[in-house]
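Colleague: Residue numbers (the working numbering), protein chains in the order written: chain A, 4 to 418; chain B, 2 to 540.
Hints are not guaranteed to be accurate.
To be verified - Some but not every residue of chain A turned toward chain B, in silico, with C-beta under 10 Å:
1. G81
2. N327
3. D400
Simulated from the structure, these hints should not be mistaken for laboratory data.
The C-beta atom is built at its ideal place from N, Cα and C for all residues, glycine as well.
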Amino acid sequence: MRMRSVPALAGIAALSLMATACGGGDGSDEGDGSQEGTLVIWSDPERSDAIQAAAEEFAETNGIEVDVQNVSFDDIQGDVVNAHQAGNAPDLFLGAHDWVGNLMRNGAVQPIELPSDRAEELDETAIEAMSLDGQLLGVPYAQENIFLMRNTELAPDAPETFEELVETGTGLKDEGEVGEVLAMAVDQEGDPFRMNPFMRSAGGYLFGQDDNGEWNPDDLGVNSDETLEAMEQIAEYGEEGEGVLRRSIDVENDAPLFFDGDTAFFVAGPWNLADAEASDIDFEISAIPGFEDGEPASPYLGYQSFFVSEGGANSALAEEFVVNHVTDPEFVLDLYEADPRTPVQSEALESVSEDDPNIAAVADAAENGVAMPNIPEMGETWEPLGVAQAQIIGGEDAREALESAHEQIAERIGQ
Amino acid sequence: MAADNPRPAGTPTDGRPARRPLPGGRFAARGSLTGTLVKVALLGLFTALGIWAVLPLYVAGNWWGIALTVAVVALVYWVYLSGRTVPAKYLVPGVVLLMAFQILPVLYTMSTSLTNMSDGHRGTKEQAVRSIEAFSVVRTDGSEEYTLTVATKGDPETGDLVFLLTDEERQAYAGDADGLEELTGATVEDTGKVSEAFGYTLLSPNEVNARSDELQEFAVPTGEGSGIRSSGLSSAFEGSALRVYDADCDCVEDRETGTVYTADDDRGAFYDEDGERLAQGWQVGVGFDNFLRFLVDPTFATAFFGTLVWNIAFAASVTFLVFVLGLAVAMTLHAPRLRGKTAYRILVVLPYAMSSLAMYLLWRDMFNADFGLFNRMLGLEVDWLGDPWAARAAVILANVWLGYPYMFLVATGALQAIPRELSQAARLDGAGPWQAFRYVTLPLLMVAMTPILISTFAFNFNNFNAVWLLTQGGPFTSDGTMAGGATDLLITYTYRLAFSEATAQYGYAAAMSVMIFVIVSVMSVISLRRSKALQEVDR
Numbered sequence: 004m005r006m007r008s009v010p011a012l013a014g015i016a017a018l019s020l021m022a023t024a025c026g027g028g029d030g031s032d033e034g035d036g037s038q039e040g041t042l043v044i045w046s047d048p049e050r051s052d053a054i055q056a057a058a059e060e061f062a063e064t065n066g067i068e069v070d071v072q073n074v075s076f077d078d079i080q081g082d083v084v085n086a087h088q089a090g091n092a093p094d095l096f097l098g099a100h101d102w103v104g105n106l107m108r109n110g111a112v113q114p115i116e117l118p119s120d121r122a123e124e125l126d127e128t129a130i131e132a133m134s135l136d137g138q139l140l141g142v143p144y145a146q147e148n149i150f151l152m153r154n155t156e157l158a159p160d161a162p163e164t165f166e167e168l169v170e171t172g173t174g175l176k177d178e179g180e181v182g183e184v185l186a187m188a189v190d191q192e193g194d195p196f197r198m199n200p201f202m203r204s205a206g207g208y209l210f211g212q213d214d215n216g217e218w219n220p221d222d223l224g225v226n227s228d229e230t231l232e233a234m235e236q237i238a239e240y241g242e243e244g245e246g247v248l249r250r251s252i253d254v255e256n257d258a259p260l261f262f263d264g265d266t267a268f269f270v271a272g273p274w275n276l277a278d279a280e281a282s283d284i285d286f287e288i289s290a291i292p293g294f295e296d297g298e299p300a301s302p303y304l305g306y307q308s309f310f311v312s313e314g315g316a317n318s319a320l321a322e323e324f325v326v327n328h329v330t331d332p333e334f335v336l337d338l339y340e341a342d343p344r345t346p347v348q349s350e351a352l353e354s355v356s357e358d359d360p361n362i363a364a365v366a367d368a369a370e371n372g373v374a375m376p377n378i379p380e381m382g383e384t385w386e387p388l389g390v391a392q393a394q395i396i397g398g399e400d401a402r403e404a405l406e407s408a409h410e411q412i413a414e415r416i417g418q
Numbered sequence: 002m003a004a005d006n007p008r009p010a011g012t013p014t015d016g017r018p019a020r021r022p023l024p025g026g027r028f029a030a031r032g033s034l035t036g037t038l039v040k041v042a043l044l045g046l047f048t049a050l051g052i053w054a055v056l057p058l059y060v061a062g063n064w065w066g067i068a069l070t071v072a073v074v075a076l077v078y079w080v081y082l083s084g085r086t087v088p089a090k091y092l093v094p095g096v097v098l099l100m101a102f103q104i105l106p107v108l109y110t111m112s113t114s115l116t117n118m119s120d121g122h123r124g125t126k127e128q129a130v131r132s133i134e135a136f137s138v139v140r141t142d143g144s145e146e147y148t149l150t151v152a153t154k155g156d157p158e159t160g161d162l163v164f165l166l167t168d169e170e171r172q173a174y175a176g177d178a179d180g181l182e183e184l185t186g187a188t189v190e191d192t193g194k195v196s197e198a199f200g201y202t203l204l205s206p207n208e209v210n211a212r213s214d215e216l217q218e219f220a221v222p223t224g225e226g227s228g229i230r231s232s233g234l235s236s237a238f239e240g241s242a243l244r245v246y247d248a249d250c251d252c253v254e255d256r257e258t259g260t261v262y263t264a265d266d267d268r269g270a271f272y273d274e275d276g277e278r279l280a281q282g283w284q285v286g287v288g289f290d291n292f293l294r295f296l297v298d299p300t301f302a303t304a305f306f307g308t309l310v311w312n313i314a315f316a317a318s319v320t321f322l323v324f325v326l327g328l329a330v331a332m333t334l335h336a337p338r339l340r341g342k343t344a345y346r347i348l349v350v351l352p353y354a355m356s357s358l359a360m361y362l363l364w365r366d367m368f369n370a371d372f373g374l375f376n377r378m379l380g381l382e383v384d385w386l387g388d389p390w391a392a393r394a395a396v397i398l399a400n401v402w403l404g405y406p407y408m409f410l411v412a413t414g415a416l417q418a419i420p421r422e423l424s425q426a427a428r429l430d431g432a433g434p435w436q437a438f439r440y441v442t443l444p445l446l447m448v449a450m451t452p453i454l455i456s457t458f459a460f461n462f463n464n465f466n467a468v469w470l471l472t473q474g475g476p477f478t479s480d481g482t483m484a485g486g487a488t489d490l491l492i493t494y495t496y497r498l499a500f501s502e503a504t505a506q507y508g509y510a511a512a513m514s515v516m517i518f519v520i521v522s523v524m525s526v527i528s529l530r531r532s533k534a535l536q537e538v539d540r
């Protein structure tokens, strides 16, 4: 008899314990996802404090808490899509414009309708880049593009053409002033983002555009004669040619080459500006030069924007935030202070350009730029095209490399 | 006297057959106070865990999940409160954890491999339809833009929603679910916002936000298929949905172009006559299609064999080299006369203590053809990451460096367990140092080392980081990445196929994981069988 009573007692005690544990569980349930009364924003750690501060006013006006959570920028898209499926996505998140295709087909975001007075103040290309089938999927606030940074001590004048750049750079190298003509990340697996201005300048193209400027995934140009010629022209500067473009230069060592004064020219991005200003190098920013007799070297333009998740608990305030707050010059300038990128809001851009000649120069270097295609097919091109470009720089046959890249992309995008 | 002493559990009582003593001694039957308290605490903790798991399941309405959780909790209670389930008391924790962390994921992967789950096919058909309709709402050309004030009739929390709208001429309207009508006697501010209106309760931002879900669905009807919707808290526009789902034909019609997209429940998307699809699809079962796609693909068939051979060679050579190196270092540091053993041991173990991710990136830098440490220091001109054989050597080299400290630790432990007298005896019997090692030390060592070697092999067989962070599977031939790179393992190769940067194809990836799982299991079973044979010899 005694044997039974102890376990029975244990059961009752366990039940009472479970009641207390239950009470504790409610409190700790505040997880990642959106909850009514707290506007949850996902941002990369670099910008989260700035967003938190810049959103304070909004929070006060509307009587809501704002909670900015850190997610590594590369993970935001995938995490949002997964979280949306599981029903705990944030209310708002920071992202890049080329995510729109994937976000749309997964139904993870909510389309936005901007009142015309708000939309007019934003850069038109930015709005187009954020739209798919006539729907605006997020509100852009900043633009990014690559540019040429040069060491003014070594190369006082901005080169007009790529040939001129190579001539100046080779001269410096022959004199022993520098070790490299140009620091441009080619990478072992290729870097089509940086290669794009040169490929376009030489006449190559990835996707065609229809009359309305919409990207046409059916017109894939990787194995076209134009692209082949372009890549052959670029290969003249590759490892088997002049040795200006080499696979051993990648995103890890390109900046150190420039900041150590080992090269006069550097294909850089806004992410290098902070380091550049901290370094002892005297530098200037100009557009990436194209080939003589070629097309303009248009870099890809990327847009940073805020998205509203579909079905969030605070969708009304989340919408209000992107419609009336992200388009507000003061908010954009607050963010700029923490993380300098070219604003797309015209008033903010004006005020920033006056104070910061570098940002003005970066914006000027974007003059010939094209918005990176935002169709979902775009994502399928990076790796095959990159590998092909790296092989061509390494001295392999351009036709073979481009043919197999084309075949692979075509298969992936279902052609 | 026997009668004065409490009987130890299991001692025969007069006239009854002896019961075997239960494992767990006196805790099994009676339990001391501490034992009971520990038991109560653990059971309480487990129950709390169960409730913590049930809450989200309840919110999601997943009754099967709740039933399963309750069953597991009930089972645990029964096992630990009943006196008759002693063996189960030892087995249950392990079995439950095995089910939760090993068997469930495998089953889940297998079930996913039979679906088309991928980007654009994640959710249900209802979700896809909702998304298609939401993304087809466009602003009516030349339509009015309104300044919006959200109000209700009656209570802010439950009253019917009303949009108080002002157009550019500052004319105010009230719009509810029945339609739009002019509003008179309202106070309109300079911004266009209505600050007072008779018969309506104006909502604060917070109150509007609390009704976000309703607001998503709400539109003031203005005509056939069109309505006024909100955009934020203070603007509204007139728009209409261009694409509408019709349940009768199970299709979506585009009102602008007239195209009809019919649902294809085999492929999980809406297709028109020309085979063009709408981007938003849903998840459907596709049977063994993912496996067939994997086997029938001609590029894959040729790439598979080459990749498999290199994969086995990679895993085997890394395992062999870390074993030889780890053992050699362990033997050296096992020598009795050596001074400062601890310092050496710490130094040797260092690579194991560092983050392998960072180490791989460091090795990648060191292998850089122009700026890397190896070529610069040794004056070489090897294209480490660009030449197929050099890249293979590089991958193995980096992994041996990262892997041998572990083998060294295990070997040191095993060596210390072997009495030195054994090899001394062999030496007395006239065996040379090599013979003593080969016939005495090594066989004893292998008893402890064989399972470790098998697990090292299985680990390296799927060592994704090792290859992805160093070479990403490259260098590639001019046939492109589909043909497989020189250092591609099956796992990196399939990762590239299934998760290209834009589209994650979970169904396809799951099918490939199942195939790799089968390959690794077969190889592990064979090696474990062989290692058992080895132990028999030792006895």
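Colleague: Now look at each hint and say whether the structure bears it out.
Modeller: Results of checking the hints against the structure:
Contact between A/G81 and chain B, as hinted, is supported at the beta carbon level, the nearest pair being about 7 Å apart and thus within 10 Å. With 10 Å as the threshold, the beta carbon of A/N327 comes within range of chain B, its nearest partner Cβ sitting at about 6 Å, so the hint holds. Interface hint status for A/D400: upheld, as the beta-carbon distance to the closest one in chain B is roughly 6 Å, under 10 Å.
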